[in-house]
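Residues per chain, in single letters:
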Amino acid sequence: DQQVKQNSPSLSVQEGRISILNCDYTNSMFDYFLWYKKYPAEGPTFLISISSIKDKNEDGRFTVFLNKSAKHLSLHIVPSQPGDSAVYFCAASKSSGNTGKLIFGQGTTLQVKP
Amino acid sequence: NAGVTQTPKFRVLKTGQSMTLLCAQDMNHEYMYWYRQDPGMGLRLIHYSVGEGTTAKGEVPDGYNVSRLKKQNFLLGLESAAPSQTSVYFCASSHRGPGVSQETQYFGPGTRLLVL
Chain S
27 DQQVKQNSPS LSVQEGRISI LNCDYTNSMF DYFLWYKKYP AEGPTFLISI SSIKDKNEDG
87 RFTVFLNKSA KHLSLHIVPS QPGDSAVYFC AASKSSGNTG KLIFGQGTTL QVKP
Chain L
140 NAGVTQTPKF RVLKTGQSMT LLCAQDMNHE YMYWYRQDPG MGLRLIHYSV GEGTTAKGEV
200 PDGYNVSRLK KQNFLLGLES AAPSQTSVYF CASSHRGPGV SQETQYFGPG TRLLVL
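Order-wise, the sequence lines are chains S and L. Position 6 (the first sequence) corresponds to 32 in the working numbering; numbering is contiguous. Position 13 (the second sequence) corresponds to 152 in the working numbering; numbering is contiguous.
Looking at chain S on its own, in the form it has when it is part of the complex (with noise of 0.2 Å):
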């Protein structure tokens, strides 16, 4: 059963484009929602989370909207740099466990092309 999912394996745009990655979830439970972005031999890192009080959160080029009652996450890189390749991952969370527990998506490849 996959709580998180991300259906788009790969997404490719153009240098200086909006990218826009989207991320599903199915567990009305879950209340705070962060994407990870992650290059090859390296281990993930933090780029921008949202809790479920907001439904929208901006840092610089990126934004990360959350539409609760479609329980849809979408995150948008503008404008996108060659240097964002990398895979993303979104996940969510349920502040109430007190484990700071993470669920993941499968992730998006995206190709960002000079």
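Do not take every clue at face value.
[Claimed, not checked] So the derived list for chain L, only partly shown, Cβ under 10 Å to chain S, looks like this:
1) Val143
2) Tyr170
3) Leu184
4) Glu198
5) Tyr203
6) Gly247
7) Arg251
8) Val254
Quick caveat, the hints were computed from the structure, so don't treat them as lab data. For each residue, glycine too, the CB sits at the ideal point set by N, CA and C.
Starting from the known structure of chain S, arrange chain L on it as the hints suggest.
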């Protein structure tokens, strides 16, 4: 400040052999986690610990054991390795505290394990 480190970086095992993967963090984090990453599966939680001396099962704990004898270290053991345990293993840690997002985890560089 090294963050989260993992030892070894790469290992080849034969079926039935045992080994221990070591994770160390120097951020004084309370929480530590072990994940495995497989193609098309994302990261799946194996075991985790919410403090020194405590451990708990994650999504895929079978075939693994863990120990957290010191706050800074989290060990993952494979008692009898199987080809299905061929994977990349990541350790992570996070902080707990008022106003701190404990869900923001910091990852090590990974250990690539091949079981023949």
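Legend entry - Interface hint compliance - Tyr203 (chain L) to chain S, C-beta minimum distance less than 10 Å: The hint is violated - Tyr203 (chain L) has no Cβ within 10 Å of chain S, the shortest such distance being about 16 Å.
Legend entry - Hinted contact Val143 (chain L) with chain S - closest CB pair below 10 Å: holds, 7 Å
Inset, instruction - Answer holds if the nearest beta-carbon of chain S is closer than 10 Å to that of Arg251 (chain L); otherwise answer violated. - result: For Arg251 (chain L), the interface hint holds, since the closest Cβ of chain S sits about 9 Å away, which is under 10 Å.
Legend entry - Restraint outcome when Glu198 (chain L) is required to lie within 10 Å of chain S by C-beta distance: Since the shortest Cβ distance to chain S is 8 Å, the answer is holds.
Inset, instruction - Against chain S, run the beta carbon of Tyr170 (chain L) and see if the smallest gap drops under 10 Å. - result: At 5 Å from the nearest chain S Cβ, Tyr170 (chain L) passes the 10 Å test, so the hint holds.
Inset, instruction - Using Cβ atoms only, decide whether Gly247 (chain L) comes closer than 10 Å to chain S, and label the hint accordingly. - result: Interface hint status for Gly247 (chain L): holds (5 Å vs cutoff 10 Å).
Inset, instruction - Closer than 10 Å between Cβ atoms is the bar; does Leu184 (chain L) clear it against chain S? Give me holds or violated. - result: Result: holds, 6 Å to nearest chain S Cβ.
Legend entry - Hint check: 10 Å Cβ-Cβ cutoff, Val254 (chain L) to chain S: violated, 20 Å
Going down the numbered hints, you'll see the structure goes against 5, 8, while the others check out.
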